[in-house]
Amino acid sequence: MAASAQQPKPQFNAFAASCPSRRLLDTIGDKWVSLLIVALGLRGPLRYSELSSQIAGVSQKMLTQSLRRMERDGLVTRTLTPSVPVRVDYELTSLGQSLLGVMSHLKEWAEVHMPQVEAARATYDAATR
67 MAASAQQPKP QFNAFAASCP SRRLLDTIGD KWVSLLIVAL GLRGPLRYSE LSSQIAGVSQ
127 KMLTQSLRRM ERDGLVTRTL TPSVPVRVDY ELTSLGQSLL GVMSHLKEWA EVHMPQVEAA
187 RATYDAATR
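Using this note's numbering, the first residue of the sequence shown is number 67, and each one after it goes up by one.
Source of the hints: derived by calculation from the structure; they are not laboratory data.
Be aware that a few hints might be false.
With a Cα cut of at most 30 Å, we get these calculated DSSO-like pairs of lysine-lysine [as the list claims (entries may be wrong)]: (1) K127 - K173; (2) K97 - K127; (3) K173 - K97.
Just the calculated beta-carbon pair ranges, DEER-fashion [as the list claims (entries may be wrong)]: (4) S119 - T93: 17 to 27 Å; (5) A188 - T147: 19 to 29 Å; (6) P148 - T189: 53 to 63 Å; (7) A185 - V154: 40 to 50 Å; (8) S115 - T159: 14 to 24 Å; (9) Y190 - L146: 24 to 34 Å; (10) V150 - T189: 18 to 28 Å; (11) S149 - A176: 33 to 43 Å; (12) T159 - N79: 18 to 28 Å; (13) D191 - L146: 41 to 51 Å.
All residues carry an ideal CB built from backbone N, CA and C; glycine is no exception.
Using the sequences and the hints, build the whole thing.
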């Protein structure tokens with residue numbers, strides 16, 4: 067393909083405050099969103115109530131907002147099944163699946179390194195009293 071016929075590749079710079087990639091990082095860096103990605107990636111499609119019980123401490127408001135942001139960014143799909151009551155399932159899209167490895171590793175890193183972090187916090191707190 068000739069160079070003149072190629073579409074210019076958009077340049078994004080997450081260090082720039084106005085860059086849309088910064089807002090995307092805000093979304094995927096959110097603790098609820100990152101936990102939702104891992105939960106949906108490991109367990110497959112889940113209902114709202116299953117997600118709520120899987121992720122302890124998330125409020126109904128934050129779960130709803132997080133899922134809406136993820137849906138808007140193309141990370142999850144929301145499927146309504148007509149029934150009584152209406153069934154709503156959430157599932158990672160292929161774009162959301164592409165984040166699963168990174169988010170799973172981040173979650174695992176936090177779990178494995180928590181004792182070191184707690185020790186560092188205790189040392190810091192003792193030194194700053």
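Quick rundown of the hints versus the structure:
Among the hinted pairs, K127 with K173 is consistent with the structure: their alpha-carbon atoms are about 23 Å apart, no more than 30 Å. A C-alpha spacing of about 14 Å is found between K97 and K127, which places the hinted pair at or below 30 Å, so the restraint holds. Restraint check for K173 and K97: the C-alpha separation of about 10 Å stays at or below 30 Å, so the hint holds. As the Cβ distance of S119 to T93 is approximately 23 Å, the hint placing it in 17 to 27 Å holds.
Separated by about 50 Å at the C-beta atoms, A188 and T147 break the suggested range of 19 to 29 Å. Range check, P148 to T189: Cβ separation about 57 Å, and the 53 to 63 Å hint holds. At roughly 43 Å, the beta carbons of A185 and V154 sit within the given window of 40 to 50 Å. Taken as a hint, the range 14 to 24 Å holds for the pair S115 and T159, whose Cβ atoms sit roughly 21 Å apart.
For Y190 paired with L146, a C-beta distance near 49 Å fails the hint of 24 to 34 Å. For V150 and T189, the hinted distance range of 18 to 28 Å is not satisfied, since their beta carbons lie about 57 Å from each other. One distance hint, 33 to 43 Å for the beta-carbon pair S149 and A176, holds here, with the actual separation near 38 Å. The hinted range of 18 to 28 Å is satisfied by T159 and N79, whose Cβ atoms lie roughly 25 Å apart.
Taking 41 to 51 Å as the suggested C-beta distance range, the pair D191 and L146 conforms, at roughly 49 Å.
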